[in-house]
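What follows is each chain in one-letter form.
2 protein chains.
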Amino acid sequence: MQYPKSIERLCSLLHKLPGVGRRTSERYAFDLLLHWSEKERLDLQRALTELSGVGFCQTCGSISEGACSFCQNPARRQDQLCIVASPKEVFTLEQTREYSGLYHVLKGLLSPLDGRGEEALGLESLFARIKTQDVKEIILALDSSLEGDATCLFLKEELKVFPVSVSRLAFGIPVGSSLEYVDGGTLARALSARSSY
Amino acid sequence: MQYPKSIERLCSLLHKLPGVGRRTSERYAFDLLLHWSEKERLDLQRALTELSGVGFCQTCGSISEGACSFCQNPARRQDQLCIVASPKEVFTLEQTREYSGLYHVLKGLLSPLDGRGEEALGLESLFARIKTQDVKEIILALDSSLEGDATCLFLKEELKVFPVSVSRLAFGIPVGSSLEYVDGGTLARALSARSSY
Numbered sequence: 736m737q738y739p740k741s742i743e744r745l746c747s748l749l750h751k752l753p754g755v756g757r758r759t760s761e762r763y764a765f766d767l768l769l770h771w772s773e774k775e776r777l778d779l780q781r782a783l784t785e786l787s788g789v790g791f792c793q794t795c796g797s798i799s800e801g802a803c804s805f806c807q808n809p810a811r812r813q814d815q816l817c818i819v820a821s822p823k824e825v826f827t828l829e830q831t832r833e834y835s836g837l838y839h840v841l842k843g844l845l846s847p848l849d850g851r852g853e854e855a856l857g858l859e860s861l862f863a864r865i866k867t868q869d870v871k872e873i874i875l876a877l878d879s880s881l882e883g884d885a886t887c888l889f890l891k892e893e894l895k896v897f898p899v900s901v902s903r904l905a906f907g908i909p910v911g912s913s914l915e916y917v918d919g920g921t922l923a924r925a926l927s928a929r930s931s932y
Numbered sequence: 736m737q738y739p740k741s742i743e744r745l746c747s748l749l750h751k752l753p754g755v756g757r758r759t760s761e762r763y764a765f766d767l768l769l770h771w772s773e774k775e776r777l778d779l780q781r782a783l784t785e786l787s788g789v790g791f792c793q794t795c796g797s798i799s800e801g802a803c804s805f806c807q808n809p810a811r812r813q814d815q816l817c818i819v820a821s822p823k824e825v826f827t828l829e830q831t832r833e834y835s836g837l838y839h840v841l842k843g844l845l846s847p848l849d850g851r852g853e854e855a856l857g858l859e860s861l862f863a864r865i866k867t868q869d870v871k872e873i874i875l876a877l878d879s880s881l882e883g884d885a886t887c888l889f890l891k892e893e894l895k896v897f898p899v900s901v902s903r904l905a906f907g908i909p910v911g912s913s914l915e916y917v918d919g920g921t922l923a924r925a926l927s928a929r930s931s932y
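Taken in order, these protein sequences are the chains called A and B.
Per my numbering, the very first residue in the first sequence carries number 736; after that it's consecutive.
Per my numbering, the very first residue in the second sequence carries number 736; after that it's consecutive.
Treat the hints with caution; some may be incorrect.
Derived, one-sided and incomplete: chain A residues facing chain B with beta-carbon distance under 7 Å [unchecked claim]: (1) Pro753; (2) Phe765; (3) Leu768; (4) Glu785; (5) Leu888.
Straight line, CA to CA, 20 Å or less: simulated EDC-like cross-link-like pairs of lysine to aspartate or glutamate [said to hold, decoys possible]: (6) A:Lys740 with B:Glu824; (7) A:Lys751 with B:Asp766; (8) B:Lys751 with A:Glu785; (9) B:Lys895 with B:Glu833; (10) A:Lys823 with B:Glu743; (11) A:Lys774 with B:Asp778; (12) B:Lys871 with B:Glu833.
Think of the hints as simulated: they come from the structure by calculation, not from any bench.
Ideal Cβ placement from N, Cα and C applies to all residues, glycine included.
With the hints as extra help, turn the sequences into a complete structure.
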């Protein structure tokens, strides 16, 4: 027996959220129907409308409400650029409170399998920034995935023409982890990058 | 560093969905912001609006668009009532194609810890139906949880004054399961309810 059409429609939309399978979408839809008040549902609709008003900084690509809180902040180091793949990761890095330079959000990662070549990265604006802002250091803060690795390698080559030092986030065992559960690849990297103690 | 207010608001709303923690709500919010088109977000808003139009059958409490597809269906056995705790479970049972009687959705389950006593079940309408519809069999299809068990026991007592046979869904090992992963309580119930083979 099929769910009513209105519930079906909601399910297939919620199914588009990352990691949400068919079952979970049904669970969400029925929760919204049975346990959310009319007011809460209206609030959610309003919050969705508000998303359209979220702006992105033309320079660095991070989320900004009005003036960019990074690019327009003179207290931040202007000669350091941290390259990330998504505006969300800017917040993740900010939460460490360990970085005080600027950011640059790529338009995507290289993924030959999905047909995303170098034009998908949107590098022109990065190169322009490096030249005009007199950038001295670039930190690649990309995923440790096939796409992330490929993009890092590609950027390392492309950035050779600029007088900048390029680094990538360190690999190693996660803080607080038990060696028993660390995979071999990570352990090998942690071993070769060991530091005197 | 805090997310912009519009994203914070959306996160705290999505956080209300069942099983969605703070991290997952952030993942959903950023997916909605970065990867959903304006049109998809509008579709979702519309689907949420449509939920307000979903109706419930006054008699059995299941979801109905216009006439109830159960109560108003003469092909279904009128003397059999399956008692469930939520309109969603009606669909779950229908998918088995093993039941052709009517349903009765309780308003909730007994939960003394949450202050939900017998008045929370909404039993008046159930009792009225049993009398007027000449119900002969009642099947308790409630969770195997503290609340479900308590409600089943309570209903069993309350229904003694009516000339109906009361049964509860069978306990046993799930179909396709390996004994190794079946918990002791389930195995004990499966053992005591074993059938000749």
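**Message:** Flag every earlier hint the structure violates by its number, smallest first.
**Reply:** 5 and 9
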